[in-house]
Amino acid sequence: MTDQQVVAHPDVAAEFTELASDERIAKAAAALERNGIRPLLAATGADARALVGSLLTDGAEVYNNTSRTLEAIGVADDIERSGRYQPLRLRLYRMDREMQAREMRTLAASPDYVVGSVHALTEDGSLLIASASGSQLGPLVSGAGHVILVIGAQKIVGDVATGMRRIHEYCYPLEDARARRAYGVPSGVNNILIINKVIIPGRVTAIIVSERLGF
Amino acid sequence: MSMFDYDARPVTPGVVLVGTRASRGAYAIRDFLSRNGYPFEWVDLDRADAVAAVLAGAGAEPAALPLCILPDGSRLPSATVEQVAAGLGMIAAPSRSEYDLMIIGAGLAGLAAAVNAASEGLRTVVVEAVAPGGQAGTTSMIENLLGFPNGISGSELATRATVQARRFGAELLLARPLVGVSADGPGYVAELSDGTLIRGRAVLFASGVEWRRLDVPGVDDLLGAGVYYGAGPSEALACTDSRVVVVGGGNSAGQAVVRFSRYAQQVTLLVRGHDLGSSMSQYLIDQVTAIPNVDVRVHTQVVGVEADDRLGAVIVRSGDSTERVPLPTDALFICIGGTPRTDGAAGSGLITNTAGYVVTGSDVAREPGSDWPLPREPLPLETNLPGVLAAGDVRLGSVKRCAAAIGEGSMAVALVHRRLAEVGGD
Numbered sequence: 001m002t003d004q005q006v007v008a009h010p011d012v013a014a015e016f017t018e019l020a021s022d023e024r025i026a027k028a029a030a031a032l033e034r035n036g037i038r039p040l041l042a043a044t045g046a047d048a049r050a051l052v053g054s055l056l057t058d059g060a061e062v063y064n065n066t067s068r069t070l071e072a073i074g075v076a077d078d079i080e081r082s083g084r085y086q087p088l089r090l091r092l093y094r095m096d097r098e099m100q101a102r103e104m105r106t107l108a109a110s111p112d113y114v115v116g117s118v119h120a121l122t123e124d125g126s127l128l129i130a131s132a133s134g135s136q137l138g139p140l141v142s143g144a145g146h147v148i149l150v151i152g153a154q155k156i157v158g159d160v161a162t163g164m165r166r167i168h169e170y171c172y173p174l175e176d177a178r179a180r181r182a183y184g185v186p187s188g189v190n191n192i193l194i195i196n197k198v199i200i201p202g203r204v205t206a207i208i209v210s211e212r213l214g215f
Numbered sequence: 216m217s218m219f220d221y222d223a224r225p226v227t228p229g230v231v232l233v234g235t236r237a238s239r240g241a242y243a244i245r246d247f248l249s250r251n252g253y254p255f256e257w258v259d260l261d262r263a264d265a266v267a268a269v270l271a272g273a274g275a276e277p278a279a280l281p282l283c284i285l286p287d288g289s290r291l292p293s294a295t296v297e298q299v300a301a302g303l304g305m306i307a308a309p310s311r312s313e314y315d316l317m318i319i320g321a322g323l324a325g326l327a328a329a330v331n332a333a334s335e336g337l338r339t340v341v342v343e344a345v346a347p348g349g350q351a352g353t354t355s356m357i358e359n360l361l362g363f364p365n366g367i368s369g370s371e372l373a374t375r376a377t378v379q380a381r382r383f384g385a386e387l388l389l390a391r392p393l394v395g396v397s398a399d400g401p402g403y404v405a406e407l408s409d410g411t412l413i414r415g416r417a418v419l420f421a422s423g424v425e426w427r428r429l430d431v432p433g434v435d436d437l438l439g440a441g442v443y444y445g446a447g448p449s450e451a452l453a454c455t456d457s458r459v460v461v462v463g464g465g466n467s468a469g470q471a472v473v474r475f476s477r478y479a480q481q482v483t484l485l486v487r488g489h490d491l492g493s494s495m496s497q498y499l500i501d502q503v504t505a506i507p508n509v510d511v512r513v514h515t516q517v518v519g520v521e522a523d524d525r526l527g528a529v530i531v532r533s534g535d536s537t538e539r540v541p542l543p544t545d546a547l548f549i550c551i552g553g554t555p556r557t558d559g560a561a562g563s564g565l566i567t568n569t570a571g572y573v574v575t576g577s578d579v580a581r582e583p584g585s586d587w588p589l590p591r592e593p594l595p596l597e598t599n600l601p602g603v604l605a606a607g608d609v610r611l612g613s614v615k616r617c618a619a620a621i622g623e624g625s626m627a628v629a630l631v632h633r634r635l636a637e638v639g640g641d
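Read top to bottom, the protein sequences are chains A and B. Our numbering puts the first sequence at residues 1 to 215. Our numbering puts the second sequence at residues 216 to 641.
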């Protein structure tokens, strides 16, 4: 990846912003279940927000990944502001980045819950997540006790190859622009996690929302 | 899903605080938010570009500073700590009409007492004037606390203890200092600064100490404008590439030096005594003396300051010399021990020594006028007021270490049980 800002081609955007049909959603959900990932369906973002609230335990350490989806439906606010949980972002915020790097690393690596989204969900039940720093990936794979992923139905793709194309051709340009605006630095597809199967029953929950959420 | 989790900062809006760096009121709010772990963006009015970006041209009248913008968008002109705390919903009323144990202060002693008391089923409330953690809460790294081989920061320790206390059911009432305590039957009633009344069958003073003032002309006029008491966690980043002076010879001063050396161009530690060994732990002495950008000057004291609207230099005098030498300084952190915080107990009859430390246990009988009313002797941490105990730094004879404060706070709960059994109902 170069540091130059890229904008998704309109045709690419059209391909990856179209909501999946109910049949494709059902197919992806069934495949997730076969792969050890608990699928839940939500008609709206508000329904998904309520589902997340019902899954999180009061008082738990919760890390909300940076996610336009979570911000859009109010889940980020619930986690950081409701007082129901221990929001790890607030705890990490107060730490001295020079003196407490070790504490920050261990705290962020193993929350009770990590709540986030994905960049693509394939019809055969694989989840694709890209990360510039990689910091979000460890807890998703094994560090977090529970993983809750909220997925707008426009992210459903036919296969892993298409999912990879979605990341590179559609998500990356948008994310790069966001990172430059928000942080003054470029983003990058530096790490990609593909979850094909989950061994621990009930550890990962994927909420598929029949709305266009995030990118 | 974003690809970039930049710095793990909160993603929802925090507080925006606009003011001048020389403002004492703005510093008080920065310190309050920082110590309570509340995210905020500080906008220095001296930087017009930053102000324009945040306020989008709306401007900020100098008379209305510091201006605090809350996450819901509401604005608090000429904001105070109390207004900010209320605006953020940090002010809670007590949920019970009476508690078994009322703890004054949420430093390590108070939090240890809260965890132990609540875990044993006592109805427990903690009253804290500023933020959980007390003096230790601003400590950047505690390396000699049992069970933390890699050290733990004071703020993280306080956060964990607060979570633990709340999990057991203890209530924490923050951001309001105690203004009075008086007898109420066999128990006591406390009044907070906002008029809230709390009844407790037993009371534990764990109110700790506040930093002792440096008695040098002009210093307190610069509070928040280059002069800070304690390690000033909200100011660490602002010290990047600056010249920092820390005054003090104890562990707090040593920990402040280690922290600021990571950011500052140069840190000078001024110690009045002849060496560090008499008051600082050896592990900290080893660290402080090994850091290249740290200069330790023993037998040296601050005798003056130079400033315009901000601190420019401290004037020091070394050894027996009468020469006053200016030391260019951007930030002065004063960590010279503490003064016991017992203001709220004035008028209650609580006996303190001349320095203000609370007298407990067998020392009570030796105090003239203690007038101990019970046939039994005072319990080990009990004051001259039956059922009122003291633990941690505020107590006369306490060891000024984190582990000691935690130990005393925990031990106090066993004594509270004895007192409650005495008055019935335990």
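These are computed hints drawn from the structure, not numbers from a lab. There could be a bad hint or two in this list.
[Claimed, not checked] Covered stretches of chain B, going by a simulated chain A footprint (3 or more residues, C-beta under 8 Å):
#, segment
1, 371–378
2, 433–445
3, 471–479
4, 509–520
5, 589–596
[What the hints assert, rightly or not] To list a few chain A residues with every Cβ distance to chain B over 10 Å, as calculated:
#, residue
6, Leu19
7, Ala29
8, Ala46
9, Asp47
10, Leu55
11, Glu71
12, Ala76
13, Glu80
14, Arg81
15, Pro87
16, Met95
17, Met99
18, Gly143
19, Val198
20, Arg212
[Said to hold, decoys possible] Here are some chain A residues the structure puts well away from chain B; computed CB gaps all over 12 Å:
#, residue
21, Asp11
22, Ala26
23, Arg34
24, Ser54
25, Gly59
26, Asn64
27, Ser67
28, Thr106
29, Leu107
30, Gln136
31, Asp159
32, Lys197
33, Ser210
All C-beta atoms, glycine included, are put in the ideal place defined by N, C-alpha and C.
Hint-by-hint comparison with the structure:
no., hint, result
1, 371–378, "holds (count 3)"
2, 433–445, "violated (count 0)"
3, 471–479, "holds (count 4)"
4, 509–520, "violated (count 0)"
5, 589–596, "violated (count 0)"
6, Leu19, "holds, 17 Å"
7, Ala29, "holds, 19 Å"
8, Ala46, "holds, 17 Å"
9, Asp47, "holds, 19 Å"
10, Leu55, "holds, 18 Å"
11, Glu71, "violated, 6 Å"
12, Ala76, "violated, 5 Å"
13, Glu80, "violated, 5 Å"
14, Arg81, "violated, 6 Å"
15, Pro87, "violated, 7 Å"
16, Met95, "violated, 7 Å"
17, Met99, "violated, 4 Å"
18, Gly143, "holds, 14 Å"
19, Val198, "holds, 17 Å"
20, Arg212, "holds, 14 Å"
21, Asp11, "holds, 22 Å"
22, Ala26, "holds, 22 Å"
23, Arg34, "holds, 23 Å"
24, Ser54, "holds, 21 Å"
25, Gly59, "violated, 6 Å"
26, Asn64, "violated, 7 Å"
27, Ser67, "violated, 5 Å"
28, Thr106, "violated, 9 Å"
29, Leu107, "violated, 8 Å"
30, Gln136, "violated, 5 Å"
31, Asp159, "holds, 19 Å"
32, Lys197, "holds, 20 Å"
33, Ser210, "holds, 18 Å"
Of the numbered hints listed earlier, those contradicted by the structure are 2, 4, 5, 11, 12, 13, 14, 15, 16, 17, 25, 26, 27, 28, 29, 30.
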